[in-house]
Amino acid sequence: MSPSTQVPRDLRYTKNDEWVRWNPPVAVVGITDFAQSELTDVVFVELPAEGGSVKAGERLLVLESVKTVADVYAPVSGRISKVNQELKGHPELLNKDPYGQGWLVEIQAENPPSDLLSPEEYLRKISSPSEGHH
Amino acid sequence: MTGPGSAAAPAPDAAPSSDLRRTPLHAEHRDAGAHMVPFGGWEMPLYYTASGILAEHRAVREGVGMFDVSHMGVLSVSGPGAAWLLARRTVTDAHRLRPGQCRYSFLLNDEGKIHDDLLVSRLDSQETPREFLVVPNAATAPRIREILLQHRPRETRIEMLNGDTAMVAVQGPRSRAAVESALGLPLPPLRFYTGAFVPSPFPLPVPPDPDPLRARLAREVWVSRTGYTGELGFEILVPAPGAPELWRRLGAAGAVPCGLGSRDTLRMEKGYLLSGVDFQTDRTPLEAGQERFVDFDHPFVGRPALEAQRARGDYARWSGILFEDSTAIPRHGAPLFHGGRDVGSVSSGGLSPTLGRGIALAYLPPGLTAPGTGLTATLRGREVTGTVVPLPFVPGRPSPTGPTPPRSGLG
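Protein sequence lines, in the order shown, are assigned to chains A and B.
The numbering of the first sequence is our numbering, which starts it at 6 and goes up by one.
The numbering of the second sequence is our numbering, which starts it at 104 and goes up by one.
Treat the hints loosely; a few may be bogus.
[Claimed, not checked] Across the chosen pairs, the derived CB separations fall in these ranges:
#1 A/K93 to B/P289: 45 to 53 Å
#2 A/G56 to B/G416: 57 to 65 Å
#3 A/D102 to B/L288: 38 to 46 Å
These are calculated hints, taken from the structure and not from any lab test.
Don't be surprised by glycine CBs; every beta carbon is placed ideally from N, CA and C.
Isolated chain A, as found in the complex:
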């Protein structure tokens, strides 16, 4: 993990490297700075349809990067109320601004998210060589 890897304090995290901004009842979802640095340059985002419903833990969308392909999972159950259409033409936003312009979707949650990691817990997870990707 790079010493400059960002883990904002106002977000919560999944063990699969997604972040969640919880504005009840809406969960804004993206991938973390650590995730984008591991993926390398994102070149394509297969966005889900607005209005569809997802279950927590199910595949939400797929990212293709120069080096690999990765699934992003829904951190909460609910209806996809908004997707970031900017990513269609500008997938690089995921690398440049993963916590801002690189957000992925908004989900109208059925229940508040559970089992999310605090910033401290997430930082510990990605700092541990046995649990990080490298």
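Chain A is already provided as a structure; the job is to place chain B on it using the hints.
Frame of chain A; chain B shown alone:
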């Protein structure tokens, strides 16, 4: 999110980080914010956070980039038996190399299968050749050294110089100016695949050293017009203590630091092999489409097997496949189909940054290698179509300093 690494080409090495070797440029990489990964037993930059793979790729195609390639094996082979040894053990007739000539080569087993691809360069200018630089890949270098040692004639030295040396590849249309600026001298007019010693800007005390290359590098650096990107480019071999200064000077001259990520996309666009990914002692140079680098008119290990295969002619050939789509990217291991029949799998694949389309390299059965042949792949549950095309995917461009290289290839 899951998957980084899961669908990518396998790393030739996955040793725990504590066992990884570091190049003499490690501090420069760290200070530049490199994203480091294990590769071939070494800790190497995958990309630099200030640029990223796509920007580094573009820098090499349009300007100039620099790669730390100090992980590649640096074998000094010298003495009266050196040419005999290399001629016997590689597909290159080393007796016929001219002073300063570099040659892309292969070291085979008895069955003609490729242990490794290497660059063989003649360093001396004496009447009979006796000093060579042999550059195998990082992960395979110890094995290549062992194989050469097994056949070593008397009075022939084989020294692995890694640790004492660093190697930097400077690649791109503006590479000549960057190298001349960094070395502080005009380069000799090197033709493609030749090299020369030039005075070192970082001279060291000359130690009494039985290895002629190590001794020589105290006063001179070896510069060759070689590379793995298909652009005008140079590779510079220097003693380890001079490497950080060389790297800084190249950066000041405008060379963009580049990592293994762009090295991979650049070589795929040119249809160059990657050791351990496109072959791992399971393919011959004929199958890999490299027959033009095999000197058949001298005896070498693997020649009878290659001759028999050439006579049969019924072997699979490494071919390029261009996909219509930029949104489903073929990757190592993806199965390929023709008329519903499984006809092989992708050995190297990815997005071509230059073309903006998926490209793949694969060993295809005879009959399916003709340009225009249609193939399909199932990527993320979706069928995508591709077409066999001649290599390279991205053709060369005219160079003011010489003919466009047909083939580069320091693996």
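Outcome of the hint check:
1. A/K93 to B/P289: 45 to 53 Å: Taking Cβ atoms as reference, A/K93 and B/P289 lie about 49 Å apart, which means the hint holds.
2. A/G56 to B/G416: 57 to 65 Å: Hint holds: Cβ distance 58 Å, inside 57 to 65 Å.
3. A/D102 to B/L288: 38 to 46 Å: Taking Cβ atoms as reference, A/D102 and B/L288 lie about 44 Å apart, which means the hint holds.
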